[in-house]
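A.B. asks: Spelled out, the chains give:
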Amino acid sequence: MKSLSELDIIRKRALNELNLHDKPDRIRIVVGMATCGIAAGAEPVMKAFVDELERRNIDNVHVTKTGCIGVCRLEPIADVINAKGEKITYVNLDEKKARRIVVEHLINGRPVSEYTAGKAES
Amino acid sequence: MMYKSHVLICGGPECTKSGIAEINKQFERLLREKSLENEVKILKTDCFGLCEKGPIVVVYPEGTIYSEVTPDDIKQIVEEHLVNGRIVKELTLGGKEAKEALKGLEEVPFFKHQLRIALRNCGVINPESIDEYIAKDGYRALGKALTEMTPSEVIETMKKSGLRGRGGAGFPTGLKWEFASKAQSEQKYVCCNADEGDPGAFMDRSILEGDPHSLIEAMAIAGYAIGADQGYIYVRAEYPIAVSRLNIAIEQARNYGLLGKNIFGTDFNFDLELRLGAGAFVCGEETALMTSIEGKRGEPRPRPPFPANKGLWQKPTILNNVETYANVPVIILKGPEWFSSIGTEKSKGTKVFAVGGKINNTGLVEIPMGTTLHEVIYDIGGGIPNGKKFKAAQTGGPSGGCIPAKHINTPIDYDNLLSLGSMMGSGGLIVMDEDTCMVDIAKFFLEFTVDESCGKCPPCRIGTKRMYEILERITEGKGEDGDIEKLETLAKNISVSSLCGLGQTAPNPVLSTLRYFRDEYEAHIRDRRCPAGVCKALLRYVIEEDKCKGCGLCARNCPVNAITGELKKPYKIDSDICIKCGACMEVCKFGAVSKKA
Numbered sequence: 001m002k003s004l005s006e007l008d009i010i011r012k013r014a015l016n017e018l019n020l021h022d023k024p025d026r027i028r029i030v031v032g033m034a035t036c037g038i039a040a041g042a043e044p045v046m047k048a049f050v051d052e053l054e055r056r057n058i059d060n061v062h063v064t065k066t067g068c069i070g071v072c073r074l075e076p077i078a079d080v081i082n083a084k085g086e087k088i089t090y091v092n093l094d095e096k097k098a099r100r101i102v103v104e105h106l107i108n109g110r111p112v113s114e115y116t117a118g119k120a121e122s
Numbered sequence: 001m002m003y004k005s006h007v008l009i010c011g012g013p014e015c016t017k018s019g020i021a022e023i024n025k026q027f028e029r030l031l032r033e034k035s036l037e038n039e040v041k042i043l044k045t046d047c048f049g050l051c052e053k054g055p056i057v058v059v060y061p062e063g064t065i066y067s068e069v070t071p072d073d074i075k076q077i078v079e080e081h082l083v084n085g086r087i088v089k090e091l092t093l094g095g096k097e098a099k100e101a102l103k104g105l106e107e108v109p110f111f112k113h114q115l116r117i118a119l120r121n122c123g124v125i126n127p128e129s130i131d132e133y134i135a136k137d138g139y140r141a142l143g144k145a146l147t148e149m150t151p152s153e154v155i156e157t158m159k160k161s162g163l164r165g166r167g168g169a170g171f172p173t174g175l176k177w178e179f180a181s182k183a184q185s186e187q188k189y190v191c192c193n194a195d196e197g198d199p200g201a202f203m204d205r206s207i208l209e210g211d212p213h214s215l216i217e218a219m220a221i222a223g224y225a226i227g228a229d230q231g232y233i234y235v236r237a238e239y240p241i242a243v244s245r246l247n248i249a250i251e252q253a254r255n256y257g258l259l260g261k262n263i264f265g266t267d268f269n270f271d272l273e274l275r276l277g278a279g280a281f282v283c284g285e286e287t288a289l290m291t292s293i294e295g296k297r298g299e300p301r302p303r304p305p306f307p308a309n310k311g312l313w314q315k316p317t318i319l320n321n322v323e324t325y326a327n328v329p330v331i332i333l334k335g336p337e338w339f340s341s342i343g344t345e346k347s348k349g350t351k352v353f354a355v356g357g358k359i360n361n362t363g364l365v366e367i368p369m370g371t372t373l374h375e376v377i378y379d380i381g382g383g384i385p386n387g388k389k390f391k392a393a394q395t396g397g398p399s400g401g402c403i404p405a406k407h408i409n410t411p412i413d414y415d416n417l418l419s420l421g422s423m424m425g426s427g428g429l430i431v432m433d434e435d436t437c438m439v440d441i442a443k444f445f446l447e448f449t450v451d452e453s454c455g456k457c458p459p460c461r462i463g464t465k466r467m468y469e470i471l472e473r474i475t476e477g478k479g480e481d482g483d484i485e486k487l488e489t490l491a492k493n494i495s496v497s498s499l500c501g502l503g504q505t506a507p508n509p510v511l512s513t514l515r516y517f518r519d520e521y522e523a524h525i526r527d528r529r530c531p532a533g534v535c536k537a538l539l540r541y542v543i544e545e546d547k548c549k550g551c552g553l554c555a556r557n558c559p560v561n562a563i564t565g566e567l568k569k570p571y572k573i574d575s576d577i578c579i580k581c582g583a584c585m586e587v588c589k590f591g592a593v594s595k596k597a
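Here the protein sequences line up with chains A and B, keeping their order.
Read in the working numbering, the first sequence has 77 at position 77, and its numbers run on one by one without any break.
Read in the working numbering, the second sequence has 8 at position 8, and its numbers run on one by one without any break.
Hint data in this document are derived by calculation from the structure and do not stem from the laboratory.
A couple of the hints might just be wrong.
Reference listing, derived: stretches of chain A covered by chain B, where coverage requires no fewer than 3 residues with Cβ under 8 Å from a Cβ of chain B [said to hold, decoys possible]: (1) 5-12; (2) 66-78; (3) 81-90; (4) 110-116.
The beta carbon of each residue, even a glycine, is placed where N, CA and C say it ideally should be.
Using the sequences and the hints given, assemble the complete structure.
C.D. replies: Listed below in structure tokens is the structure:
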């Protein structure tokens with residue numbers, strides 16, 4: 001790293017990647033993978049997302065991990081974020097729920113409202 | 001007269017409380033405005049039974065239920081539903097619930113009252129991607145410090161921000177940096193205390209696992225400020241995920257030239273190494289931590305000399321906690337004025353708390369200093385489960401104390417907590433309800449410090465053990481007159497004569513519970529009674545004769561045959577034989593077995 005402008009180039013590139021600016025049909029799934037998430041079973045959930053997407057040949061969805069958002073009691077947690085930045089947070093996930101989210105939310109475009117954070121916290 | 005529509009407004013007690021009168025007025029006014037008063041009839045009804053979702057308004061003939069109606073909603077209901085005949089879906093019971101379900105985590109009460117600075121990236125970015133950290137303005141503060149600020153400007157910024165150490169004692173961070181920068185030496189060090197050890201506290205782990213780069217960036221800034229080129233992160237080995245993510249992050253930072261030589265094209269060099277702690281609580285004490293980094297047995301040493309002058313390997317060293325560092329890059333970027341505008345007069349910024357115990361919403365919360373305990377427990381934490389009463393909150397872990405219900409509206413900051421006999425500590429916040437025995441809690445924390453005392457100085461090694469023995473006696477119903485006074489004398493002596501913070505603060509849980517719950521100690525000692533019904537030795541299990549059906553289930557389940565009786569007649573527990581396991585109470589189908597304090 002030689003200068004602030006060099007950092008800025010990386011920042012812009014990374015921001016584009018993160019916000020899916022050039023890719024309007026892209027979706028990110030972000031799984032909470034801190035100690036709390038992993039202890040609650042986030043690893044099989046993440047695997048289920050990846051596996052179900054692969055099985056159905058869906059290649060516009062990127063699965064990635066993040067840390068602890070603070071509501072450890074609702075882990076495993078996953079955010080589904082589209083290119084508009086709209087985010088649906090799913091909580092208390094397991095493998096089965098993850099696969100259902102792929103089918104209903106990502107393929108059919110209908111968020112599974114019974115698994116959402118808003119539902120759990122209402 | 002035939003009415004086209006009927007508007008039923010709930011007049012039940014709950015809805016009336018939540019503002020039905022205003023809703024009624026709005027309807028009348030708007031219907032008159034639209035000349036609908038002869039077509040729409042307003043009726044006040046009895047309770048619909050949907051009090052939780054009230055105020056409720058129902059419109060017939062459609063039978064549409066509008067829930068949680070506010071006076072502002074009426075215009076829409078009148079204009080769209082009553083005039084145009086279109087149901088306002090988003091205001092209906094089902095519509096609101098569906099919308100509720102899809103709202104983001106940020107909108108639920110648990111998050112609404114929070115302000116996330118130290119945790120800004122936790123749960124947001126991928127901690128294993130330096131690019132995502134950079135996308136969120138990562139390493140820009142380091143770049144700004146190195147290329148636009150002098151080291152003394154960095155220190156001045158930190159001082160002006162008012163940031164105080166988040167690890168426990170709350171020493172001003174900028175001042176600490178200034179001492180180390182003024183110390184003359186060829187070699188200086190920057191250390192991070194990631195040896196989080198308070199029972200129930202896990203905010204540092206969350207940052208290490210969720211945003212490791214913020215720590216690296218802040219340590220490099222600190223290195224620049226004091227003139228150090230080497231840093232150490234002392235992290236506990238029990239945090240394997242944190243260790244692995246830190247290692248990944250350090251490697252990525254090196255690859256990008258954000259650690260190493262000539263960072264940002266300047267002549268500033270800085271590198272980091274991890275040191276794993278083996279799980280000794282005392283190694284969270286600064287001198288013990290540095291001794292442990294040196295590879296020696298982790299024991300504290302007397303201060304002065306302070307680490308700012310003679311720290312790691314006798315060189316000037318600063319040591320800050322993970323959460324303290326996590327604030328640094330934001331302060332550099334947004335300026336000290338922004339940071340010091342948050343919080344109270346003497347405590348600036350936010351504090352992360354690990355909220356646990358008898359509370360509905362457990363978890364990590366970051367709140368501005370000055371938020372009251374009441375807001376944390378009820379607005380964010382969702383209150384106490386099972387309708388129990390709040391009794392006290394414990395902050396500061398084994399070095400802290402209990403804050404009783406009468407002080408629940410005190411704004412949380414360093415000085416207020418201290419004056420209440422507790423302390424900020426690293427940010428554990430354990431909520432206790434009416435079923436908690438305060439003597440037992442004091443014993444729990446003291447047992448922890450007895451276990452964790454390093455044994456170097458006698459007041460801590462022997463004194464805490466003696467205090468623990470007295471508490472053990474009291475909870476076993478063998479307390480004597482004068483025990484409370486003995487505890488107080490011991491506590492005083494231990495706090496003034498112990499070598500390090502561990503011993504000096506170890507009596508705090510006893511002192512603070514004595515201060516607010518002395519009557520509970522007295523009940524244990526004088527009346528041989530545990531008011532909360534926790535201390536086993538002071539409990540008696542009894543069978544209430546009028547409730548007992550004489551089924552004998554309790555007697556068959558008693559492991560020591562303490563229960564006798566004849567079928568169909570009330571059974572009896574022999575308290576001399578009873579071991580108070582509670583098995584009888586669990587199996588009784590009639591609730592005839594109870595605990596007597």
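A.B. asks: Against this structure, judge whether each hint is valid.
C.D. replies: Now for the hints, and whether the structure bears them out:
Residue count for the segment 5-12 of chain A with a Cβ under 8 Å from a Cβ of chain B: 3. That meets the three needed, and the coverage hint holds. Here's how the segment 66-78 of chain A fares: 9 of its residues keep a CB closer than 8 Å to some CB of chain B, so the rule of at least three is met and the hint holds. Residues of the segment 81-90 of chain A with a Cβ under 8 Å from some Cβ of chain B number 3, which satisfies the need for three, so the listed coverage holds. Counting residues of the segment 110-116 of chain A whose beta-carbon sits less than 8 Å from any beta-carbon of chain B gives 4, enough to reach three: the coverage restraint holds.
Violated hints for the displayed structure: none, as all numbered hints are satisfied.
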